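Hey, can you work out the whole structure from these sequences and the hints?
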Amino acid sequence: MPRDTPVASRPTFSEFRRRHPNIVLTLIALIVACCAFDGFLMHQRTLYQDETRRLRAGIDEAQRQRADAIHGSQERRKQMVMDLVKRQARWSNDIHLAISVDSGRMYLERQGAVLREIPIRMGPDRRIGVAPDTVHVSIPRGTRTVQAVLSDSDAWQVPAWVYTDRGFKPPATAQRMLIKALGPVGIVLDGGTVIYSLPADGPLGDASYTMPGSVRARAEDLDAIAPNVVKGMVVYFY
Amino acid sequence: MNPFRSVPRSVYVLGGVAIVAAAATGAFGYSTLQVRYARDVTGSVLKHSRDLLSRVRSGAGATADSLRKAMAEATPGPDAGKPYIVVSIADRRMWYKLGDTVFYTTRVAVGSGKTLVKQVGKTDEYKFDTPRGRLTVLSRDVGPVWVPPDWHFVEIADKKKFTVVRLKRGQTVKTADGGEILVDGNDVVKKFADGHEVPYESGEGREIVDGKNLIVPPYGTNQRKYRGTLGGHRLNLGDGYALHGTDEPRSVGAATSHGCVRLRNEDIDYLYGIVPVGTPVYIY
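Chains as they are written, first to last, in the numbering used here: chain D, 605 to 842; chain S, -13 to 270.
FYI, nobody ran anything at the bench for these hints, they're computed from the structure.
Watch out, some of these pointers could steer you wrong.
To be verified - Simulated restraints on C-beta separations:
1) S/E190 to D/R770: 40 to 50 Å
2) S/G156 to D/A823: 32 to 42 Å
3) S/G197 to D/A823: 51 to 61 Å
4) S/E234 to D/D756: 25 to 35 Å
5) D/Q648 to S/K55: 48 to 58 Å
6) D/Q751 to S/A60: 16 to 26 Å
7) D/E824 to S/E166: 35 to 45 Å
8) D/R709 to S/A60: 19 to 29 Å
9) D/T749 to S/D26: 24 to 34 Å
10) D/Q751 to S/K147: 42 to 52 Å
11) D/R745 to S/S17: 33 to 43 Å
12) S/K55 to D/D664: 48 to 58 Å
Note that the structure is predicted; figures quoted are calculated from it, not measured.
Glycine included, each C-beta is placed from N, C-alpha and C at the ideal position.
Printed below as a string of structure tokens:
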């Protein structure tokens, strides 16, 4: 009777290692290399994340500085433009009007000479009406040009928003064309600004109301300067 | 023998660990690459932001530079810092000032604005307005003599219904009494029938009238020079216009002149002492 063939058992790790040292070493080396590389990647990741945080802080700072620079330069530019307008007004060779908005004065000037100083009331900046029919009227700055000089026999169309601002219902277009709407003397500038004197009646005939974005002066002052004001004359606002 | 049984289980475990380690390392490496990419993108955004900031700053600087240049070009004119005279036609007042400082102010008479036909039957007119604009004191006179322009005689003739006769040198005008009116030297004289000559008087209100003829003396004759009419001093502005005194002080403050600016004698005397030639005069 043949004896049973003995069943081969798994070799032990040591036996396998002795028989196949390269395989074991390779596996171990692979594991060690992966761990080492993971450590390296962890380090790099940390560096990248720190740098990203720093860069983001830098972006915020650059954007903040850009916003500040834009705002600051706009403010400085605005002031410089006003200074320039004032200087150009002062030394203009042609006779002109110059309006100092903040001090409430209008000057008839030429070549640095002040011919007449006129106290004025400046109409405010205002938004009138309800969206979407809102009108934004602002105080002019810079230069405007005279379009017309109106006497007490000339008519002028009062804008509808003036009625709205006064709390009245605006009449039809034809009914807004009024003689002496700007008082005995009115000066119409481009852009819709007017220099007017108090009319006896009409929507502007209220001493407590000054048309937004416009200039009100005494009739005797406008009467005195009117013969010198011609179409095309420059009016400086600063 | 089953080849899989020739490998110990521990080696299988080791192999599995190696595979998992490699896969984990690969995934971790991919994730790290993403973090690096985010860093690179953030770096680009920062560079872009700094470029924008730099552009805003240089733009602001360029704007400021161009505004400064414009301001430098808006320079004072040659009259900057000089005193000047302002005349308001509406207010009938004048000021002598420098900047905001008023050295002197007083009432004046200005042009009446009236018109006068130059010649009967024609449409040409004289207009007696004080001119608006910028003039200059060109010269100054003491005891100025007024040489009346033609309009003075036309005005008188128009009022009194006379006929204007413009006398020329070498010309004679026969008078009703047999005499002659002619120019002898610097005088307009009346030559009587017996040959003797008497020069006419000169002055406002003493114009030469013969019957219905008003005789206009030629320029250069003494009869065309009126003394005292313009007061004690005159500041000439050119084109026949001037600031001057008057022998009619009550007219000051009204629109009564023929275009000149008329002051009381004491005012023009004072201004003569302080206003130099070259002073700008702005009339509005």
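To see whether the hints hold, each was checked on the structure:
Checked against the hint of 40 to 50 Å, the C-beta distance between S/E190 and D/R770 comes to roughly 59 Å, which is inconsistent with it. Hint check: S/G156 to D/A823, Cβ distance near 59 Å, so the stated range 32 to 42 Å is violated. The given range of 51 to 61 Å is respected by S/G197 and D/A823, whose C-beta atoms sit roughly 52 Å from each other. Checking the proposed 25 to 35 Å range against S/E234 and D/D756 shows it holds: the Cβ atoms sit about 33 Å from each other.
Distance hint check: the CB atoms of D/Q648 and S/K55 are about 53 Å apart, consistent with the given range 48 to 58 Å. Checked against the hint of 16 to 26 Å, the pair D/Q751 and S/A60 passes, with Cβ atoms roughly 25 Å apart. The hint said 35 to 45 Å for the Cβ distance between D/E824 and S/E166, and at roughly 57 Å that hint is violated. About 20 Å separates the C-beta atoms of D/R709 and S/A60, a value consistent with the hinted range of 19 to 29 Å.
Against the hinted window of 24 to 34 Å, the Cβ-Cβ separation of D/T749 and S/D26 comes to about 55 Å, which falls outside the hint. One distance hint, 42 to 52 Å for the beta-carbon pair D/Q751 and S/K147, holds here, with the actual separation near 48 Å. Distance hint for D/R745 and S/S17: a CB-CB separation of about 57 Å, inconsistent with the stated range 33 to 43 Å. Taking the beta carbon of each, S/K55 and D/D664 are about 36 Å apart, not inside 48 to 58 Å as hinted.
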